[in-house]
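Enquirer: Listed below are the residues making up each chain.
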Amino acid sequence: MLDSLVRIWTLVVKDFTQLRRDWLMIGFVTLVPLGELLLIGWATSSHIEHLPTAVLDADRSAESRALVTALENARTFDISHFPDSPTAVNDLVDRGTVVVGLTVPEGFGAGLTNPAAAPLQIQVILDGADPVAAETAQRSIEGVVATLVQRAAARQAGIVDRGEVIRADVRVRYNEDLSEANYTIPSEMGIMLMTIVLMIASMGIARERELGTLEQIMVTPMRPIEIIIGKAIPAVIVAYVNFIGMLAITVLVFHVPFRGSLPLLLAMALFYLFVELGWGLVVSAFSATQQQAILLAFLIMMPEMIFSGFAVPIENMPRALELASNLVPIKHWLEIVRAVMLKGVGLETVWPNLLALTGLGAAIMTASVLVLRKRLSAV
Amino acid sequence: MSRVSLLRIASRLSATALRIGTSVKRTFAIVRKEILHVARNKVTLFLAVVSPAFMMFVLMYSFTVDIKEVPVSILDNDHSTLSQRYASDLLSTGDVTMPRWARDYEHLERQLERGEIKAAVVIPFGFMDDVVAGREARVQVLIDGTAPSAANHATAHIIGFTQSMAVDVLRRDLAQMGYESLNIQPIDLRIRTWYNPTLRAIVGYAPALLAVVMGMPGTMAAMTLAREKEHGTLEQLTATPIGRGELLVGKLIPYLLSGLVSVLLCTALGVYWFRVPFRGDFFIFMLLSSCFLLATLSIGLLMSVFIKTQQAAQLLAPLVFTIPAFFLSGIFIPLSSMNPLVRTMTYALPSTHYVAIARQLFLKGWGLAQLWPYAVALLATGLLLTTLAIALFQKKLT
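So the protein lines, in turn, are chains A and B. In this text, residue positions in the first sequence follow the numbering used here: the first is 1, and each later residue adds one. In this text, residue positions in the second sequence follow the numbering used here: the first is 1, and each later residue adds one.
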């Protein structure tokens, strides 16, 4: 047992020596992910706002002006253009200068409180090539118009003082100001950790195999399982150091609240990294060259990026994908991170995710070790 | 001008032509070698050409989303006819479902904590009395803010529903007060979404995601010199008459070609399987894709000059190609919403330009007349970085 540990330790030292000789590599491994998290976190923590907007107010009444002001206050829009004809509005959208073109027709203000008038129309053109912008704009405009109608109705009924008829008192829990950063930055952190572990772990053995040095290691007293463990440890250490740096950035720079227990999260991170490590070893087992390893690793990376929920919430995915997401460690990890950091809950709530991670880890590790062992003895 | 000097010029020209000819020949020898290397191993060939299409499939499939119902919980402390109507009407809108009634406030909070529900509505005692008496009635809405976009969606829905119910109540009030009906015209909000009328998310995302998966050839390019260095074959190559420039250009061309095949596969997948419209010109798209590939491949080559091991290349490649392309190129966050400094930086990424190109060409049918600035930016990046890579490579080897 002790011998075995010593042998594993030798391999770890060897791998770190190789890493150290390549000073560029050390810089990459530690600084690039941290710098990138800063940049990406900064870029993606903004709300969807300042969408370039063109408004054609053909009515020029108090009501239409109120509408335009309400839009301006919504902050979703940057009213940058005031075209003078419908064709000009179309042109601006067509050229991609604005993503929202809104037209208030003549007679809007007068018609609002006159039941005999023709039906009122507000025309909105959205640039559907950018679905995020289009959807956000649509929701925001609908909200502004609904408020306008309710106000006009209340004013007419002379019940201004009464306040709203029914007021929905919205209280947001866990992320009170609905900061995007609180959601996206843990996603990004998870993705980058996954990338680091996957990339280091997947190449370790493929590299030795490609360079022919695997045979040299095989003739030493090292047993296959020791080689696997020895190759796995550097990946986990590098990723764990990165994890601590990224966590510090997340909390100190981006002010994502940390309400739960830090030791709990630090312990959970190990589980997550071990499962990702298992995937890296699977890649290692199946690739003959490093080129193949990277291609395979990318194939695993993609689903993980998807199931980070950054782009699409998992609940909105097709049923098959929603089920498949349970096989992807990042999904469970992010549920744990969000629960511990934002909700401040502990094991009593996140145990199903922990159980899933453990199960996944055990299955993937066993499979990869079995395959690797066979392939290693066949060298 | 004398005949002699004419002859001299002619001979010099032919010598140059010959030199270019042999240079091209040598470059293609490298191209052939690299293609052979990738094609010899069927697994590598398959992975290199088909993996972007596979990634594209998984990515696009996840965007065939339907906004499903938001799970909510309702706690009715009023038990009045109006509160019951509020609850049942809210549920009948179809956008929300209720897995379970909440027994009490604590139960509700626990449901929210465990993530069983995303929103909760509490109708307080006295709700109906307030409405009847003409006082402001309140309902409390609790939202799980951990996922802001879902939270916004739920909030907008519940507030919208409450407002329309409020207008109904107003109408009834006014009718009781003797007014026939409220003299308020409903506003017909005519929202038209151009280029993507049903606002299917996938239509907008599929072209843009090409920029993410096409980081693959760049990754391969980043590894290629490292592989020669690791195997010690780079010294052998430099001992041949092949120049450094020829070597690098020869390494670039195969990945440009395999990249174009992958673009073709991905586009076919998007258009024929996911029914994404393709309104532009196919050849222009391939031309612009070549510009993009040239730019990313030149980044890969530049990395490759410095990197000693394939492992380093592999570790760095996703951080250089895939992750920035995914997060920073305007696919999910419109560039106009980004901080101006970050926005400027994103324009340094080839993927930002390619996202713009692919979206406008696929959906708006734009051609070179509108897209040329992107093409120029990509070409300039590609040529500049390739030249830089060659210059630095030359220096490193001597």
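Note that these hints are calculated values from the structure, not bench results. Be a bit skeptical, because a hint or two may be false.
[Claimed, not checked] Below, a list of computed lysine-lysine pairs in the DSBU-like style, where the Cα atoms sit at most 30 Å apart: (1) B/LYS229 to A/LYS14; (2) A/LYS374 to A/LYS14; (3) B/LYS25 to A/LYS14; (4) B/LYS229 to B/LYS25; (5) B/LYS25 to A/LYS374.
[To be verified] One-sided and incomplete, this derived list gives chain B residues near chain A with beta-carbon spacing under 8 Å: (6) PHE63; (7) SER290; (8) LEU294; (9) GLN314; (10) ARG359; (11) LEU363.
C-beta: ideal position from N, C-alpha, C; glycine also.
Enquirer: Hint by hint, which ones does this structure get wrong, listed from lowest number up?
Expert: When the structure is compared with the hints, numbers 3, 5, 7, 8 turn out to be violated.
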